[in-house]
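S.K.: The primary structure of each chain is shown beneath.
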Amino acid sequence: MMFKKHINTVLYHVVAILLGVMAIVPFLWMLSTSLKSSGALLVIPIEWIPKEPTFFAYKRLFALTGIVRSIGNSLVVSTGAVVVGLLSSSMAAFAFSKIRFKGSGFLFMMFIASMMLPSHVIFIPLYLIMNDLHLVDTLFALILPYSFKAFAVFMLRQQMMGIPDAYLDAAAIDGASLYRSFFTIFLPLCKTALATLAIILAMDAWNDYLMPLVLMTSTKNYTLPIILNALSGQFKTSYDLLMAGALISVIPLLIIYIAAQRYFASGLQVGGVKG
Amino acid sequence: MSIQGRRGLRVALPFLLPSLLGAALFAILPIIISLLLSITSWTGMSKVKITDGFLRFVAEHSVGWDNFAAILSDQEFWRALSHNLYFIVLYLPLMLLFSLTCALIINAPKRGTGIYRVVYYLPVLTSWVAGSLIWKWLLSPVYGPINNFLSFFGIEGPLWLQSEVWAMPSIVIASIWKDMGFYAMVILGGLKSINIEYYEAARIDGASPLQMFQRITLPLLSSVLFYVTMLSMINAFQLFPQVMVMTKEGNAGPNGATMVMVERIYKYAFRYGKMGYAAAYSWILFVIIMAFTYIQKRGEKRWVNYDV
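Sequence lines, in order, name chains A and B. The working numbering numbers the first residue of the first sequence as 1 and each following residue consecutively. The working numbering numbers the first residue of the second sequence as 276 and each following residue consecutively.
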C-alpha cells in the first residue's frame, strides 16, 4: 500500500514536470536564441546555452525602422481598448442591471447572442466600414470596436446585480445624479471585475493578429505582432532577431500576469471564443 | 421615489449609447454588409461606399447564388475543409488529454501546485505571431533543437513544416502547446465545483484513485468537457494565425498542405481581391460551424451527466 502510494506520487511529479518542461522550453529556447550571434545560430551540435551571449540581436532589432514605433502603437491600442472597452461595457452593464426599461431583457439576449458571431465573418465588412469612416490605417480602427464587447457587459452585469439598490437610493436622497452614483459608487465597487476585464482586453489588443493585419496598411501604424510577422518574411532565417522581437512582445504580458495572478484565476475563461 | 428615477428607456439610453453604437457599427452592420456582399461579384477594384449607393451597387453587381455554387463546386474548398477536419481530428483528443491532465495536476491536493498553474498558462499569454515564430524555429529541420534532440537518440526527425505530411501535425503540436493552459483553466473550474464529500465517501468504501476518477470525476466533469470540446471545435474551424505565420512560404505550406478555410477567406479578400467570393466563403464556414455545433449539442444527452 505504501509502495503504491509512492509510485503514484512519483508518477504525479514526473507527468507534472514533463508538461511544465513542454510549456516552458520554447520560451527558454527563445531567450537563448535571442542572446546568440547570428553565426552561433548555425552551429552543430547546437548551443543550448549561448557560449558567448550578446545583445547584438536586440541592438539590430531596435535599429530597424518601425520597431520602436510599433511598440508605441501596441501600447496605445491596448490602453485605448481598455479605456473604451471598460467605460462602454460598464455603462451598459449598469443600465441592464439597475435601470428598468422596456425591452431590457430582449436587448440583453441580443448582446449575448452576438458572442456567437465569429470574427471571420466580420473582418471584410469591417474593413469597408472603417474605410468609409476614413479610419483604415489609423489606430482608432483597432480601438473603437472594443466599445462593443458583449462578454464584458455580461461579466459586469453579473457583478452589479450583486450590489444592493439601497446604495442608489441613499445616493439619490443625498441628491446625487445617476451618473455620479455610477462613477463614484458603482465603478469602485466593481474594481476586481474591472481589473480582470482590463487584463483580458489589454491582452486581446496586444496580441491580436487578424484585425491589425487587415486594417493597418502602412508600416508606421503596424502593431508589434504585425511588424514581427512582416520581419519574419523579410529576415527568414535571422532567428536571433526574430526571437528578440518575440521576447519583447511577450515580456509585458508576463509581467502583468505575474503581478496580477489573482485576477487571472477569477475570470479569464469568460472570453472563451476567440475574436 | 428613487426607483422612479431609474425607470424608462430615456434614463437607460445614455448609458447604453456607446455599446449600442458599437454594436450597430461593428456587429449588426457588418453582418448585413457581409450578407449583401456575398451575392455580388465585387472584386475590390471598384470603389464602394456603404454610405453612398451601396444597395444600388449590390443590385448592379448581384450574381445571386453564383459565389456559393462556385465555392462548393471548387475542389480547393473541399480540400481546405478537409484540412480543417484533419486538424480537428488530431488536435481535439490530444488537447483534451493534455488540458485535462494539466487541470488534474493543478487540482491535486499537494503543495506547490501553484507553480504548475503559472507555468502551464504561460503559452496562453503569448501572441500567436510570437508563438508561431518560436515553433518555426524549434521545428527547423537542421538547426532546430527538436530534430537535434531526436538525433541524440539516433532518430532522424522529419522536415516538419517543410514536409507535406508533417506540416499539419506541426501546426497541431504548436496549437496544443498554446491552448493547453487555457482549456486546463476551464476544466479546473469544473474540478473545483465537484463536492469533496463524494471522494471521501468513495475512499471509505475502499475505491482506488483510478476508480474514483472513472466513477466520480469523469461523470461530474462531463458537462465541462462537453463545453470545452464545443468551444475548441468552434475555434479550430477558425484556425488562422499559426498557419499564416508558420507556413508563410508558398501558398499555405508545402503543396498547400496547411491551406485552411479562414486562410482562404483572408487571401481571397485581401490578396486576390475577390471580396464577394470571400464573403460568401465566410458564410459557408459559419454554416458549417453551426451545423457541427448543432450535431454536438444533439449528442450532448448521450454522454453528459447532469445528475449533480
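No wet-lab data here; the hints were simulated from the structure. These figures come from a predicted structure and were not determined experimentally. Quick reminder that beta carbons are idealized off the backbone N, C-alpha and C, glycines included. One thing to keep in mind: the hints can contain errors.
[As the list claims (entries may be wrong)] Coverage of chain B stretches by chain A, computed from C-beta distances (three or more under 8 angstroms per stretch; other residues unrestricted):
hint	stretch
1	374–381
2	407–416
3	513–519
4	556–569
[Claimed, not checked] Restricting the straight-line Cα-Cα distance to at most 30 angstroms, the calculated cross-link-like pairs of lysine-lysine (DSS-like) are:
hint	chain 1	residue 1	chain 2	residue 2
5	B	Lys542	B	Lys576
6	B	Lys576	A	Lys220
7	B	Lys467	A	Lys191
8	B	Lys467	B	Lys572
9	A	Lys236	A	Lys59
10	B	Lys467	A	Lys5
11	A	Lys236	B	Lys572
12	B	Lys572	A	Lys220
13	B	Lys324	A	Lys236
14	A	Lys220	A	Lys236
15	B	Lys542	B	Lys324
S.K.: Indicate, hint by hint, whether the structure satisfies it.
M.R.: Against the structure, the hints come out as follows:
Coverage of the stretch 374–381 of chain B by chain A holds [criterion: at least 3 residues with CB-CB distance below 8 angstroms; count 3]. Figure legend: the stretch 407–416 of chain B, annotated as covered by chain A; annotation consistent (7 residues with Cβ-Cβ distances under 8 angstroms, at least 3 required). Chain A is given as covering the stretch 513–519 of chain B, and this holds because 4 residues of the stretch bring a CB closer than 8 angstroms to a CB of that chain, at least three being needed. Counting residues of the stretch 556–569 of chain B whose beta carbon lies closer than 8 angstroms to any beta carbon of chain A gives 5, which reaches the threshold of three, so the coverage claim holds.
Between Lys542(B) and Lys576(B) the alpha-carbon distance is near 39 angstroms, which puts this suggested pair outside the 30 angstroms criterion. Among the hinted pairs, Lys576(B) with Lys220(A) is inconsistent with the structure: their alpha-carbon atoms are about 53 angstroms apart, more than 30 angstroms. Taking the CA atoms of Lys467(B) and Lys191(A), the gap is near 24 angstroms; set against the 30 angstroms cutoff, the hint holds. Of the supplied pair hints, the one linking Lys467(B) and Lys572(B) holds, its CA atoms being roughly 24 angstroms apart against a limit of 30 angstroms.
Distance check on the hinted pair: Lys236(A) and Lys59(A) sit about 18 angstroms apart at the alpha-carbon level, within 30 angstroms; holds. Taken as a hint, the Lys467(B) and Lys5(A) pair is honoured in the structure, with Cα atoms around 23 angstroms apart against an allowance of 30 angstroms. A C-alpha spacing of about 44 angstroms is found between Lys236(A) and Lys572(B), which places the hinted pair above 30 angstroms, so the restraint is violated. In summary, the hint linking Lys572(B) to Lys220(A) is not supported, as the alpha carbons are separated by about 46 angstroms, beyond the 30 angstroms threshold.
The straight-line distance between the Cα atoms of Lys324(B) and Lys236(A) is roughly 38 angstroms, outside the 30 angstroms bound, and the hint therefore fails. Annotation: proposed proximity of Lys220(A) to Lys236(A) holds, straight-line Cα distance about 21 angstroms (limit 30 angstroms). Distance check on the hinted pair: Lys542(B) and Lys324(B) sit about 22 angstroms apart at the alpha-carbon level, within 30 angstroms; holds.
Hint violations for this structure: numbers 5, 6, 11, 12 and 13, all remaining hints satisfied.
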